[in-house]
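S.K.: Can you build the whole structure from these sequences, using the hints too?
As given, the protein sequences belong to chains A and B, one line each in that order.
54 is the number of the first residue of the first sequence in this note's numbering; add one for each residue after it.
54 is the number of the first residue of the second sequence in this note's numbering; add one for each residue after it.
By construction, these hints were calculated from the structure, which means they are not laboratory data.
Source: prediction; values computed, not measured.
There's no promise every hint is true.
From the structure, some residues in chain B lie toward chain A, with a derived Cβ separation under 7 Å [what the hints assert, rightly or not]: (1) N144; (2) Q147; (3) D151; (4) S156; (5) S159; (6) F218; (7) G224; (8) T258; (9) M271.
Just so you know, even glycine gets a beta-carbon here, dropped at the ideal spot from N, CA and C.
Protein chains: 2
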Amino acid sequence: MTNTNTLYQHGTLALLVPGLLDGTITMQDLLKHGDTGIGTGEGLDGELIILDGIPYQVDSDGNVNIVKDDFTLPFANSHFANYQSLTNVENISQKELDKKIISMTSSNTFFSIKVHGTFTNIKTRAVPKSHKPYATLGKTAEDQSVFSKDSVEGTLLSYYAPQIFDGAAVGGFHHHFLSDKHDFGGHVLSFTVESGKVEIQQFDTLEQHLPTKNTDYMNYDFSDWDILGEIHKAES
Amino acid sequence: MTNTNTLYQHGTLALLVPGLLDGTITMQDLLKHGDTGIGTGEGLDGELIILDGIPYQVDSDGNVNIVKDDFTLPFANSHFANYQSLTNVENISQKELDKKIISMTSSNTFFSIKVHGTFTNIKTRAVPKSHKPYATLGKTAEDQSVFSKDSVEGTLLSYYAPQIFDGAAVGGFHHHFLSDKHDFGGHVLSFTVESGKVEIQQFDTLEQHLPTKNTDYMNYDFSDWDILGEIHKAES
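M.R.: Structure representation (structure tokens):
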């Protein structure tokens, strides 16, 4: 029996900041913890979204690829889907949607949101893969590709983390997107939902796995960094 | 087969700050996740330490009691013991010990430390149980009882959390103590180790469980609080 109350996380958002970008979990292992998820590849190689057990990568050219079992990631989330209907929305901005969802549920636990519908003015981003020695998150983000669509049907997959977990996870919402035609997606910067069906899945457990076999991670001195400041710059 | 790579945590340190002190896990359930651990009772009812599967409570009178299965806790850690020898120490202060341990292992993952030996100038504290409506952590801490011993043999049980998890857990070290005679212990404020054997157990996973069935927790608005500031005041 799969556990639908647990959100699995490999790595932390914090480790991306100084560029600890080795892939430390394989897609095969990540999929053992869920059929739904998000992440990024080694060296920030694209933005990943897992739907119904299939791992899609949006690369820095905007192409959508299905990645193989041995694809590796420095940071990822996954869980076994068991969404409940929350609400239907029309002509709602990202900000208003986030607010509406928070008003309908608790902001003190982890949850996932799935919105299927028509999205307008949607902007996403992906960054080109970097190689060792990896650049910092701030440096890499400068080279990001931004993609946009006036109107597209697809799925928004989001994770919400309580503020006290900011830095380990993304405090608040973290949105990824994939179009129904599998020709557009990535880490979401902004959007409007023209019409969509919003589903929610609440978790009571975060299973936080750390890359303890990666010596670069284990030996790194994070104390010189304003980790939260860097994250908020790069993830906004 | 028990999992000795996982540290289980129920609740967060943050929820203690505004006084969300309902017991939301039973000792029976906590012991399913480990034979070793620490915690506090409902209403901050004493300081708990679990050794070899036996849960001891140091109450605000300084008595050491074994608690029953139905004893409840708002915040606790537990894990299955599999310690490895790290070092032997003599005449070392708490600060020097913390520093020595960090120099011998990674500060980027969770681990537990167990020190058995003779402790001098050890100070511990426990607070009296409060009842609903609970006081805040700061208010309750004002009423704490402080206990001290010039010299005592016993076990120091500590958990270490990477700084990025500060607030969810105690960033850095969190020390509890129990004397071999079971007549002294609690949350540790300061100590010197006269001579002791230091063991370590490193984890690769934090299983963070949140009290999602507790409506007071789920509905609480944490945004008015300087959670980290309050924690650092109360836990120092």
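S.K.: The structure should be examined with respect to each hint, and the outcome stated for every one.
M.R.: Do the hints match the structure? See the list:
no.: 1; hint: N144; verdict: violated (28 Å)
no.: 2; hint: Q147; verdict: violated (20 Å)
no.: 3; hint: D151; verdict: violated (15 Å)
no.: 4; hint: S156; verdict: violated (12 Å)
no.: 5; hint: S159; verdict: holds (4 Å)
no.: 6; hint: F218; verdict: holds (6 Å)
no.: 7; hint: G224; verdict: violated (11 Å)
no.: 8; hint: T258; verdict: holds (5 Å)
no.: 9; hint: M271; verdict: holds (4 Å)
Of the numbered hints given earlier, the model fails hints 1, 2, 3, 4 and 7; all others are met.
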